[in-house]
Structure formats: structure tokens, C-alpha cells
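*Asks:* Sequence:
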Amino acid sequence: IGPPTVLGDRSFFSRRLPEQEHPQFCVTEADGTERVLIDPSTLSDDHTTTLDTVSLSKEGDRLAYTLSEGGNEESVMRVMDVATGEVIDGPIDRTRYGTAAFLPGGESYFYVRRLAPEDVPEGEDLFHRRVYLHKVGTDPGEDELIFGEAEEKTAYFGVSTSRDGRWLAVSVSLGTAPRNDLYLADLAGDRQLKPVQKDVDAQTYGTVHTDGRLYIFTNLDAPKGRLVVADPQAPTSEHWVDLLPETDDVLTDYTLTDDAVVAVRQHDVVSQITVHDLQTGEARTTVDLPGLGSANVSSRPEGGHEVWIGYTDDVTPFQVLHYDVATGQTKTWAEAPGAVSAEGISAKQVFFTSKDGTQIPMFVIARDDIELDGQRPTILYGYGGFNIAMEPGYSSNVLGWVEQGGVYAIANLRGGSEYGEEWHRAGMRANKQNVFDDFIGAGEWLVANRYTSPDHLGISGGSNGGLLVGAALTQRPDLFRSVVCSAPLLDMVRYEQFSIGRTWNDEYGTADDPDELQWLLGYSPYHHVHEGTEYPAVLFTSFDSDSRTDPCHARKMCAALQWATTAVDRPILFRREAKVGHAARSITRTIDLSVDTFTWNAAQLGLKLPD
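Count along the sequence shown from 1, add 6, and you get the number used in this note's numbering.
The set of hints was computed from the structure by calculation and includes no laboratory data. Accuracy of the hints is not assured; some may be wrong.
[Claimed, not checked] Restricting the straight-line Cα-Cα distance to at most 27 Å, the calculated cross-link-like pairs of lysine-lysine (BS3-like) are:
hint	residue 1	residue 2
1	Lys159	Lys204
2	Lys141	Lys159
3	Lys585	Lys562
4	Lys337	Lys361
5	Lys230	Lys354
6	Lys230	Lys141
7	Lys230	Lys361
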């Protein structure tokens with residue numbers, strides 16, 4: 007179950023019951039009546055239609071949502087009347103990653119759409135987005151163009167409007183670059199989008215609150231993040247005033263109430279929540295959480311004193327807590343359907359030293375009663391990129407492995423956001439090898455501390471994590487017995503030629519630059535497969551409709567390893583799956599994939615499964 011969006015007397019939330027293939031999007035009315043608004047499971051016979059995004063009107067009476075088919079993430083937007091469930095607008099195609107920003111009354115909204123194919127230069131059909139203003143019920147071909155013509159072809163746009171509809175904010179990111187431009191327009195004034203931040207190497211996102219102030223989250227001059235305020239009539243950085251200054255911990259989330267800022271900071275990857283005065287930023291109190299986990303916060307857009315906290319940790323399914331700022335009382339708002347017992351299983355945080363002396367955190371999940379004999383079947387997981395933190399979080403797959411006596415470790419590698427933007431940049435571009443060194447160091451720590459041995463150590467990763475395990479298996483094939491490499495990038499010389507790869511060259515570098523090509527060649531897994539090497543057993547999992555990481559990476563790497571390896575007892579296999587993509591999938595498909603990957607690891611690493 008997910009945290010709610012509460013608008014007036016309605017609460018909107020997502021939930022998946024045990025028998026359902028996909029989460030449903032639901033609403034609870036003022037009288038407690040609950041209705042399902044969108045059930046993706048009913049939209050296709052094979053359950054391959056997925057709900058991608060939802061956006062609510064200010065009044066909570068209209069819902070813009072996007073759907074895609076077969077895992078391709080090529081979203082189509084529609085608008086629903088919440089009271090009747092009737093679709094009153096759309097479909098509007100070419101709205102990949104799209105959300106809507108409604109104006110008051112719900113009759114119009116800003117949104118982002120790709121250009122029509124006939125308007126795009128040949129070979130660039132995945133790019134070229136624009137911001138439009140659309141009136142419900144009209145032809146989208148007649149929408150008003152608001153922004154984007156002067157921007158780069160790889161630009162992604164985000165749109166939001168203030169509660170009163172006066173202010174429009176547009177953020178601009180070039181691919182996945184760790185910086186963005188931010189514009190603000192006074193829709194009651196000249197309606198011109200003017201820069202809050204432009205051509206600055208920092209991330210900045212802002213919204214005008216009901217009190218009329220512009221609240222800006224930024225890492226400008228603050229790699230761990232800070233919250234500043236400004237007058238929206240004078241929004242540029244020389245006018246910013248710190249409300250929550252940068253601290254030693256990473257600011258990951260915040261929400262506003264009538265008189266408070268409720269902030270989430272991360273200390274050594276573990277969330278902590280504090281309450282601050284809205285005017286001065288002075289700390290008032292802390293909010294106790296159930297354990298050492300991760301949290302996010304939300305509140306009523308129209309104000310009030312209620313806050314909803316989403317929480318999970320490695321042994322606790324996601325739950326939603328309700329916190330009252332006025333009374334300081336916390337209670338459970340909702341728990342995930344069904345019952346889970348994780349008794350006798352613990353997650354322990356450890357720290358190890360990487361190759362260059364950097365201290366790296368890692369969570370190790372295991373049964374309390376296991377003996378550390380150096381022979382325990384162990385899976386090491388990591389990601390290490392794109393400013394994404396591997397925070398504590400519940401996984402039934404992981405606990406299933408641990409329940410049978412295995413160990414599961416999650417390393418918090420550089421390249422993520424665990425310690426802010428500096429941690430991210432220490433694992434990107436020319437520094438990418440640090441990520442692989444961190445991961446190899448994690449494996450060596452598990453062996454040295456007698457959790458496992460190379461014959462019982464497996465590694466797992468997907469997408470950028472697939473690149474991670476591909477690099478690890480080619481750099482240290484002696485350290486691992488088994489590899490699960492899912493939806494990977496592996497040919498780093500040509501990754502920009504496929505799908506949306508060109509949007510990632512700020513993270514990795516580009517082969518078009520001779521110096522950056524040398525970075526890529528230094529670790530590109532496909533280019534470091536050597537004939538006559540005893541490689542680990544490898545299972546590649548690939549998805550035909552993947553529109554992010556092209557399946558060609560896994561195919562060619564699988565072929566190369568089959569040609570090169572001398573380990574005849576360590577198979578190298580390719581698992582192909584049709585009509586699914588990089589992200590959302592039905593629960594049956596998720597279970598099938600998990601069964602194959604975890605039984606693969608059990609067979610390779612020696613985990614004894616029940617009959």
C-alpha cells in the first residue's frame with residue numbers, strides 16, 4: 007500500500023491485494039466509502055498494461071493518468087471524472103514519463119509531450135519534448151505551446167502549478183545530468199517563464215506554498231541538500247534565505263503544514279524525521295520511526311497539521327503512519343494487506359574499506375541462528391549510479407532466500423545518493439571504477455568475515471546494476487561463483503547508439519570524446535571478456551520490450567562469455583521474456599522471474615531448498 011494524497015474529503019492511494027496482478031488506484035470518500043478508480047489488471051487479458059503516472063486536480067475531482075502496454079513505457083494520457091469514473095479527456099499519446107499540472111477548476115492542465123514523428127529529425131524519435139497547455143475535451147493538436155523549442159533534444163521537463171493556480175514552475179534536465187534549470191511564471195501577470203536557476207551545476211526544485219513563499223530544495227553550495235525560501239517575484243539565488251541549512255546528513259524529503267516543515271534526513275543511509283518551525287526553521291522535535299529504515303513524508307496541499315509517513319525497512323513491509331503536528335501523536339494509517347513474519351531475521355549495518363581507503367556501508371540480512379563458517383550461500387547486490395540510494399526496504403524475495411539459510415548483502419556504493427551529490431560524483435564519469443572497486447571490496451569483506459567463500463558467493467544487479475555485475479565478473483572472476491545480470495548495459499563503447507542511451511552520457515561519458523572513450527574502454531565489460539578464463543556461472547535476464555537498456559547488450563555478452571569461458575560446469579545462459587519492459591510488470595511475471603533467478607543462485611551457491 008502507498009501513502010495517500012489527501013484533497014478535501016477524499017484520500018487517494020494505491021494498493022495491491024494478494025490476488026491482484028497490479029496495484030489498483032483507489033479513492034476513499036468522506037463517508038468512508040472506498041472505490042477503485044483504475045485497475046490495470048482488467049485492461050488487458052495478459053496483464054501487460056501498466057499504470058505509469060497519476061496526477062490529481064486541485065479539487066480532487068479529476069485524475070490525469072498514463073498507461074502503457076507490453077512494458078514499452080510509451081505512455082498514453084487520459085483524464086477521468088473521479089465522481090463517475092468516466093473518461094472525459096484523451097487519449098493523448100507520446101506522453102512518456104508524463105504528469106499533468108492542473109489549474110484550479112480542473113478544466114486545463116500543463117503537460118509534457120514528445121513531438122509528432124513527422125516533426126522530429128530522422129533518427130531522433132525518442133527525444134524532442136515540449137510543454138503544452140491543454141483544455142479538457144479539446145483536440146491536443148491545438149494545444150498551446152508553452153516552452154521547449156529552444157532546449158536541447160535530450161531535455162526532460164517537469165511541470166507544477168501552485169495551489170491557487172498563479173504560479174507555473176518548469177524544470178529542465180538534460181538526460182540524467184545531475185543538474186537542472188528551473189523557470190517560474192506568474193500566470194496572473196506577464197505569464198513569461200523566467201529563470202530561477204539556469205546553466206548552474208546544481209539541482210534545484212521549487213514550489214509556491216499557500217503562504218505565498220517560494221520553497222526551493224537545492225544542492226547549490228550544499229551537496230547534502232538544503233531548503234531555502236524566497237519571494238516568487240525575486241526567486242534567484244542571491245535572494246534565497248536558508249530555512250533548513252545543509253547539515254552532515256542528507257536532506258531527502260520534506261513537506262509543509264500550516265506552521266511546520268517536516269524534514270527527512272538520511273544518516274548513514276537510515277532515515278530520521280524532524281519537525282521545524284515554518285518561519286524560522288528552528289527544530290521543534292523528532293518523530294520516532296519503527297526501526298532503522300527509510301521514510302518519506304506528505305501532507306495536505308491545502309494546509310492543515312496532518313502528515314503521512316511512508317516507512318519500510320529490511321524486515322518490515324511498507325506501511326503508512328499518520329503524524330499530527332499539533333499533538334505530536336503518531337498512529338498507523340495503513341499496513342500492507344496480509345501478514346508477514348520475519349522473526350529470527352535481522353539486518354545489520356557494517357562498514358568496510360574500499361580500495362582507495364573510503365569507508366563504504368553495507369546491510370547484511372541473515373537469520374540470527376546461522377553459523378559463520380565461511381560456507382554460507384550469499385548474494386551480494388548493488389547499483390551504484392544515477393544518484394539512487396540503496397535504502398533499507400522490505401523484499402519478500404530477499405527474506406525468502408534468508409529464511410532458507412542464505413545471506414543477502416546490499417552494498418551502498420559510490421554513485422548513489424547515500425551521502426549526497428559528492429558521493430554520487432565519486433562514482434560517475436571518470437570515477438566509475440570506484441563503484442566496481444567498492445563492490446569487489448564488499449565481496450572481499452564477506453569472505454574475510456567468514457560469511458561465505460568465493461565458491462558460495464553470488465552477485466546480482468539490474469540496469470546500471472547489470473553493468474556493475476558485468477564489470478565485477480570480468481575484473482574479478484575468481485571472487486564470484488554465480489552472477490545474475492538483468493537488463494544490463496555491457497557494451498559501453500556503443501551504449502549511446504541504442505534506445506535512450508544518449509540521455510545517460512552525463513553519467514558515463516561519451517565515446518565521441520577521445521578522453522571519455524578511454525574511461526569507457528577501461529571497464530566496458532564486453533571489451534574485457536578474455537578467451538581461456540574460468541568465468542562464474544552467469545544468468546542474463548532480458549526483456550523484449552525494454553525501451554531503456556536494449557537486449558542486445560545481454561545477448562552479445564552472453565555469446566562472448568560462452569565462447570571465452572573454460573569453466574564447463576558453470577553454465578552461461580540467456581533468459582528472454584516477451585511483452586515486458588524495464589520497469590513495471592504483473593505480479594505473476596515478477597514471481598516467475600524471481601523463481602528462476604533465486605533457484606539459479608540456490609543451485610550454483612549450494613543453498614538447500616525444501617522439498
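*Asks:* Would you mind marking each hint as holding or not holding in the structure?
*Replies:* Comparing the hints with the structure gives:
For a cut-off of 27 Å, the pair hint linking Lys159 to Lys204 stands: about 17 Å separates their Cα positions. The suggested pairing of Lys141 with Lys159 holds, with an alpha-carbon distance near 26 Å, which does not exceed 27 Å. Among the hinted pairs, Lys585 with Lys562 is consistent with the structure: their alpha-carbon atoms are about 21 Å apart, no more than 27 Å. A distance of roughly 45 Å separates the Cα atoms of Lys337 and Lys361; the hinted pair therefore is violated under the 27 Å criterion.
At roughly 25 Å between alpha-carbon atoms, Lys230 and Lys354 fall within 27 Å of each other, so this suggested pair holds. Our distance criterion of 27 Å between C-alpha atoms is broken by Lys230 and Lys141, whose separation comes to about 40 Å. A distance of roughly 24 Å separates the Cα atoms of Lys230 and Lys361; the hinted pair therefore holds under the 27 Å criterion.
Checked against the numbered hints given earlier, the structure breaks hints 4, 6 and satisfies all the rest.
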